[in-house]
Amino acid sequence: MRNDMTLGQYYPGNSFLHKADPRVKIVSLVLFLVLTMLANNLASLGIVLAATLLLAFVSHIPAKVLVRSLKPLVFLLLFTGVINLFFTEGETPLFSLGFLHIYPEGVRSTVFILLRLVCLVGGSSLLLSYTTSPLELADAIESLLSPLKKLHVPVHDFAMMMTIALRFIPTLTEETDKIVSAQKARGADLESGGLIKKLKAMIPILLPLLISSFRHAMELADAMECRCYRGGEGRTKLKVLRTRASDYLFLALMAALCAVVIAANRFGGFTLWNVAL
Amino acid sequence: MNFIEAENLTFRYHGSDEPVLNGLHLTIEKGSYTAILGHNGSGKSTLARLLCGLLTPDEGTVRVAGIDTSDEERFYDLREKCAMIFQNPDNQLVAGIVEEDVAFAPENLGLPREEIRRRVDEALSVVGMTDYALHATAKLSGGQKQRVAIAGVLAMRPDCIIFDEATSMLDPTGRKEIMAAIKRLNETYGITVLTITHYMNEAVEADRVVVLNHGQIYMDGTPKEIFSRVDELKEVSLSAPQVTELLHLLNKDGFSFPKGLLHTDEAADALQAEWNARGCKPLTDLTHERAPYTPNPPVLELKDVSFVYGEGTPYRKVALDHVNVAFPKGEIIGVIGHTGSGKSTMASLLNGLLKPSEGTVLLDGKDIHADPKKLRTVRSRVGLVFQYPEYQLFEETTAADIAFGPKNMGLSAEDIDARVKKAAAFCGIHDSAMTRSPFDLSGGQKRRAAIAGILAMEPEVLVLDEPAAGLDPMGREEIFSGLVEYRNARGATLLLISHSMEEVARYADRILVLKDGKVFLYGTVEEVFGRADDLSAASLDLPQITKLFLELKKRGMTDASDVYTVPYAKRRTEKLYDEK
Chain A
0 MRNDMTLGQY YPGNSFLHKA DPRVKIVSLV LFLVLTMLAN NLASLGIVLA
50 ATLLLAFVSH IPAKVLVRSL KPLVFLLLFT GVINLFFTEG ETPLFSLGFL
100 HIYPEGVRST VFILLRLVCL VGGSSLLLSY TTSPLELADA IESLLSPLKK
150 LHVPVHDFAM MMTIALRFIP TLTEETDKIV SAQKARGADL ESGGLIKKLK
200 AMIPILLPLL ISSFRHAMEL ADAMECRCYR GGEGRTKLKV LRTRASDYLF
250 LALMAALCAV VIAANRFGGF TLWNVAL
Chain B
0 MNFIEAENLT FRYHGSDEPV LNGLHLTIEK GSYTAILGHN GSGKSTLARL
50 LCGLLTPDEG TVRVAGIDTS DEERFYDLRE KCAMIFQNPD NQLVAGIVEE
100 DVAFAPENLG LPREEIRRRV DEALSVVGMT DYALHATAKL SGGQKQRVAI
150 AGVLAMRPDC IIFDEATSML DPTGRKEIMA AIKRLNETYG ITVLTITHYM
200 NEAVEADRVV VLNHGQIYMD GTPKEIFSRV DELKEVSLSA PQVTELLHLL
250 NKDGFSFPKG LLHTDEAADA LQAEWNARGC KPLTDLTHER APYTPNPPVL
300 ELKDVSFVYG EGTPYRKVAL DHVNVAFPKG EIIGVIGHTG SGKSTMASLL
350 NGLLKPSEGT VLLDGKDIHA DPKKLRTVRS RVGLVFQYPE YQLFEETTAA
400 DIAFGPKNMG LSAEDIDARV KKAAAFCGIH DSAMTRSPFD LSGGQKRRAA
450 IAGILAMEPE VLVLDEPAAG LDPMGREEIF SGLVEYRNAR GATLLLISHS
500 MEEVARYADR ILVLKDGKVF LYGTVEEVFG RADDLSAASL DLPQITKLFL
550 ELKKRGMTDA SDVYTVPYAK RRTEKLYDEK
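For the record, the sequence lines run as chains A and B.
Following numbering that gives the first Met the number 0, the numbering of the first sequence begins with 0 at its first residue and continues without gaps.
Following numbering that gives the first Met the number 0, the numbering of the second sequence begins with 0 at its first residue and continues without gaps.
Since the hints were derived computationally from the structure, they do not count as laboratory data.
Keep in mind that this is a model prediction, so the values were computed, not measured.
Take these hints with a grain of salt, some might be off.
[Said to hold, decoys possible] Taking beta-carbon pairs under 8 Å as the criterion, some of the chain B residues facing chain A (in silico): (1) Asp89; (2) Glu99; (3) Gly109; (4) Phe254; (5) Ser347; (6) Leu383; (7) Gln391.
[Claimed, not checked] For lysine-lysine, the following DSSO-like pairs were computed, each having C-alpha atoms within a straight-line distance of at most 30 Å: (8) B:Lys138 <-> A:Lys177; (9) B:Lys421 <-> A:Lys199; (10) B:Lys175 <-> B:Lys223; (11) B:Lys569 <-> B:Lys233; (12) A:Lys236 <-> B:Lys316; (13) B:Lys421 <-> A:Lys177; (14) B:Lys406 <-> B:Lys372; (15) B:Lys138 <-> A:Lys18; (16) A:Lys199 <-> B:Lys316; (17) B:Lys569 <-> A:Lys196; (18) A:Lys70 <-> B:Lys316; (19) B:Lys569 <-> A:Lys177; (20) B:Lys223 <-> B:Lys182; (21) B:Lys553 <-> B:Lys569; (22) A:Lys177 <-> B:Lys365; (23) B:Lys233 <-> A:Lys196; (24) B:Lys223 <-> B:Lys233.
For glycine and all other residues, C-beta sits at the position ideal for the given N, C-alpha and C.
Put together the whole structure using the sequences plus the hints.
In structure tokens form, the structure reads like this:
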């Protein structure tokens, strides 16, 4: 069932990460992603990985759930892993299998890319999607972008649109499943044929989905109006974003992490089989 | 004091000459509980939208708490005083987390944070959802979602809430939850309630019932008064509660029971009083109405079938657990069970959309998964109509949409044409509708067009999941009579999946009751209703008339309770009084 797909879904909780200011989390995430790409030796990448594991630990999210979020990525990981392993060329192969040669450089780049991907996915899930409710996320983006309001950019409207889009993802996923089943029951062939035929076969799925999205939109608009929605003007919030002492501490820790990673980049490398690690 | 005053209301939808409402007068008292009834197209939803100011009248005025709904200056004052709950729970929730959704309205009102917190907590406790405050809205059941929607408007502290068919998309459990919440809001919190509904047993709960017809008020009174006028209700294709109808029919045959008895207990009292007065003996040794018969050989069989969702994950759920059932050819089989009993999973297993985790599905004795290439043939032989099938319409014209199935079967143009015409005839779709876009049809017609799309594949077995959900009594009747006609003409087997025992009892030859993924009961209608006590113990929603006979059995007047339709009940009651 597609419903169980958790990639990018909020996991309610009460941890330090859940309570942190989402704006701080967004800024931290940007830093974290940059660090993951910057880390260029085993020591610095190890530090980033350790930081990811630490985040996982403090998030209080069960390991099972986290591992499951990596599942949809297994294919991507394997694919990039294999490509890097076999197609990175070096000088002396470690060993050869017929026409395939595995070089130490290939092993290096495979290990690095896999670690980076795990850190990227893990970091963004832990810092944002798992620990930040979509509504908080929208609030944080609204707040971070609020300087643009002066330039008449409709920041509130964008944030509201995002909230609603996020809210309707599970509804529309469920609906897609239903429509696919229903058209299959009418003998629709969604699997065979070339690209054009497959695209054509999508019409009986996409059209009802589009129409039902419109229906959702119209009804939701009525319901929102009935609850006195009139745009961002004069609106208050149940959850006001506040940056607390702990958030500043978190930012300070992120800055420290940056310093350590950069230092490790410079001084932590060593060489094995002529490959810089 | 009048809370709502509507005078001389007239309203036309854009581009239509026929007024939906035509010079209607209505006043609603503060703190009252009113049910508005009427068939589809009688104007009741339009009335609701006019009363809460989502629409403004073409002629006439609506005043809510003294505010004219046409007064744009006071638009949001009105919103705060008179709230509305809609049909589809999914389309009312704005946020992904329960408490954040409930906070939406007070946030819009610009209230201070502490006040929002207070109102959210209060509203959630009124609807009994406090424990779910931090849950994701997407994971709630339909009834729970609708309760969150109610909390969402309660947070505005409205004086009046209008429920526009708020229970029609819910299962019986969800419906009970909402009905209980409505009663509490009205009785404990003094909120003025208006419910628009198709369900007579919901209308019975109100203090006042208003029946609309052709955009005007057709009847107006207490439930007792309205439902005692059984024949007038029939004229506008509505019905009275089953016990009321039974007493009404008996009165026509010379009895003189009091009019307008709506509840099982009061009807049982009246029947018992008459029984005592006549000095009758208990009715024993009953024979079934239908002669015993040997069922036809099975067309479709489940052999030891299990189905497990999410095998190997922490979310593992057994939907069907070693089920053995055979469906005899040419019969109508009702499939009953709670949400989560495995009904819908079974439907998808029957035409091979799902593959059993264990066991086999046999069509004419052959495993349908034996040859994966033939699965599409299986799907044309076992037609499956999902809930709300109109959501799968997509073609430019109704005719083209009905032709989608036969086209996928690779038939010739003439064959397709002939099948489309036949299917449309079974479903009562007029020629004029065939060339129109299916999206221009009315709700009931759309549903019939969608069902015709499956019938056009001329399946030998037809599986229908709640085919009449959300339709008014007349719409339901039209759907079922078309299906029965198809069965009779083609000798097809019909599986009707439903929450409603009452609906199934009217049409089915045999009934399969599923409970927690297992077969709870399976037999002819008489056999299954003969065990009404067990059904009641499994908290299945029995027809009111069956409940009445269970009560009579308890009182020692009869020893059988296998009564499931009003005409049957009438014959049984007459027999009861013959027993001297």
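Results for each hint:
1. Asp89: holds, 5 Å
2. Glu99: OK, holds: B:Glu99 within 8 Å of chain A, min 5 Å.
3. Gly109: Status holds, d = 4 Å.
4. Phe254: violated, 48 Å
5. Ser347: holds, 7 Å
6. Leu383: holds, 4 Å
7. Gln391: Interface hint status for B:Gln391: holds (4 Å vs cutoff 8 Å).
8. B:Lys138 <-> A:Lys177: holds, 17 Å
9. B:Lys421 <-> A:Lys199: holds, 28 Å
10. B:Lys175 <-> B:Lys223: holds, 21 Å
11. B:Lys569 <-> B:Lys233: Holds, at roughly 18 Å.
12. A:Lys236 <-> B:Lys316: violated, 39 Å
13. B:Lys421 <-> A:Lys177: holds, 27 Å
14. B:Lys406 <-> B:Lys372: Distance ~18 Å between B:Lys406 and B:Lys372 Cα, so the pair holds.
15. B:Lys138 <-> A:Lys18: holds, 22 Å
16. A:Lys199 <-> B:Lys316: violated, 35 Å
17. B:Lys569 <-> A:Lys196: violated, 59 Å
18. A:Lys70 <-> B:Lys316: Given that 30 Å is the threshold and the Cα spacing comes to 20 Å, the pair holds.
19. B:Lys569 <-> A:Lys177: Violated, at about 42 Å.
20. B:Lys223 <-> B:Lys182: OK: B:Lys223 and B:Lys182 at ~18 Å, within 30 Å.
21. B:Lys553 <-> B:Lys569: holds, 19 Å
22. A:Lys177 <-> B:Lys365: With Cα atoms ~27 Å apart, A:Lys177 and B:Lys365 stay inside 30 Å; holds.
23. B:Lys233 <-> A:Lys196: violated, 52 Å
24. B:Lys223 <-> B:Lys233: Judged against 30 Å, a Cα distance of about 16 Å means the pair holds.
The structure shown violates the earlier hints numbered 4, 12, 16, 17, 19 and 23.
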